[in-house]
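> Please model the complete structure; the sequences and the hints are all you need to start from.
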Amino acid sequence: MADFKHIFWSVLLGGAVFGGVHATPGHAADDEQALMARGAYLATAGDCVACHTRPGGKPFAGGLEIATPKGAVISTNITPDPQNGIGAYTLEDFEKALRRGLRKDGAYLYPVMPYVSYAGLTDQDVKALYTWFMHGVQPVAEKAPETQMGFPGNIRMSMMAWNMLAESEKPETGDSATYDKLRRGHYLATALEHCGTCHTPRNFMLVEQQDQYLAGSQLNGWFAPNITPSNTGGIGDWSEDDLVAYLKTGHAKGRSQAAGPMGEAVEHSTSHLTDEDLHALAAFIKQVPAHDDDMEHQARDSFGKALQEPDIRSGVVHQVGDLYEMGGAELYDANCAACHGANGAGTTDQYVPSLYTNSVVGSGRPDNLIMTILEGVNRTTPSGHASMPSFGSHSDVQRLSDEEIARLVNYLTIRFGSGDHQVNAEQVAAMRQPRPAPAPAPASASAPVPAPATAAPATVASPPAVPASGKEAAQPTPPEHP
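For what it's worth, our numbering labels the leading residue of the sequence shown as 39, then goes sequentially.
No incorrect hints appear here.
Below, in silico cross-link-like pairs of lysine to aspartate or glutamate (EDC-like), each with a Cα-Cα straight-line distance of 16 Å or less:
id, residue 1, residue 2
1, Lys-142, Glu-130
2, Lys-219, Asp-279
3, Lys-165, Asp-131
4, Lys-219, Asp-313
5, Lys-219, Glu-278
6, Lys-324, Asp-280
7, Lys-291, Asp-280
8, Lys-291, Asp-279
9, Lys-134, Glu-207
10, Lys-291, Glu-278
11, Lys-142, Asp-131
12, Lys-324, Asp-275
13, Lys-286, Asp-313
14, Lys-165, Glu-210
DEER-style ranges, computed between Cβ atoms:
id, residue 1, residue 2, range
15, Lys-291, Ala-463, 27 to 35 Å
16, Glu-314, Tyr-389, 23 to 31 Å
17, Gln-121, Asp-69, 27 to 35 Å
18, Ser-277, Met-333, 22 to 30 Å
19, Val-435, Ala-344, 21 to 29 Å
Rather than coming from a laboratory, the hints here were simulated on the basis of the structure. Since we're looking at a predicted model, the values are computed, not measured. For every residue, glycine included, the Cβ atom is placed at its ideal position computed from N, Cα and C.
Spelled out as structure tokens, the structure:
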């Protein structure tokens with residue numbers, strides 16, 4: 039895999055020494071390889087694979103259904119296939135889609151494609167992305183289904199009014215690889231990783247409220263938490279190293295672990311960034327304006343302790359067919375204690391995390407705890423694989439009813455977390471949205487598939503040059519870095 043950093047410096051030094059000499063074919067090839075490696079890394083940082091790959095589908099071929107408050111949007115094919123993808127796009131066409139939300143035919147993209155964030159990309163990085171998508175991604179001759187939305191969403195021209203209300207990032211200038219730490223972190227957070235797309239609350243027009251940047255927002259059942267430096271509502275008690283560990287592995291010991299959309303972002307994007315970029319991103323997030331939260335009055339990861347209670351189980355043996363109603367403690371003992379321990383401490387190495395000092399259990403909102411029980415955890419990063427079985431409709435271990443999950447959640451938050459949230463079966467039912475059964479990932483799905491003689495692969499999150507965004511993807515293996 040090409041190492042962008044080494045290529046970049048060799049190209050830079052070569053230019054300094056031979057600046058007055060006409061480029062040779064060899065130098066041109068080196069320049070092209072450097073651009074390809076840079077584009078592959080940027081696509082990974084932009085998390086493009088996540089939204090443009092359906093479960094079990096080919097990388098970047100689209101077809102992922104992305105739920106929005108206005109209806110489902112289906113991500114498009116952004117491979118270089120000329121008929122079904124973006125193979126006929128010029129650099130100018132690509133730039134318009136990526137930064138301005140305009141397709142080649144002039145139609146507006148839906149803003150699930152985070153072009154308001156990608157608008158902040160430099161011209162150099164847009165070119166690198168274009169080069170990689172055109173020459174480093176395998177074309178797929180497969181047309182994604184058309185998005186079918188009801189009025190007024192079916193009138194794409196209505197996006198013009200939305201675009202006037204939305205506040206797009208201003209394009210950065212210069213070489214983004216040479217930015218200082220905080221400027222690089224700002225660039226990663228606001229443009230490439232587009233953190234605000236999920237973590238910033240939106241108004242009734244679904245426009246991000248920039249005065250509440252990263253203060254937390256609902257996300258298709260999950261809640262993208264407040265990640266500002268607030269000591270009560272956000273992650274003010276996290277160090278830069280804590281945040282780097284979380285972004286790199288999906289786990290910050292004694293604080294939190296990534297699941298759902300964030301687990302996918304870690305798996306396909308942030309876990310493949312260089313340590314230098316991760317520290318830049320963390321340093322920037324640590325210094326954004328802090329926003330407190332009316333529902334959070336204590337740091338989410340500061341609640342609870344290990345249970346120190348005797349085993350008071352009755353010893354009565356129940357047959358499998360005995361459908362008696364279990365309370366929260368019994369549900370925990372039957373479904374959770376084998377891994378998390380009777381005292382909730384998890385495993386010694388915290389592969390199975392403790393349930394106390396755990397921001398999911400300590401949150402003032404039970405949303406993410408409910409969703410984790412319903413959907414489980416399945417996250418793979420270069421540091422290893424983390425999993426927890428789901429207990430929802432597609433469970434391989436034990437399907438729990440809405441009432442059972444409500445009792446279990448209330449038990450967990452009372453015993454290990456922020457108190458009794460009085461979750462009821464109706465709340466769980468509302469979050470138990472019909473979702474397709476997980477499809478097995480194709481053999482080639484772990485990062486973008488590189489074409490011969492090219493830096494490979496990608497990410498999971500949004501796409502450059504298309505109208506969609508979602509999460510769940512197969513993905514090919516990313517390059518070392520730019």
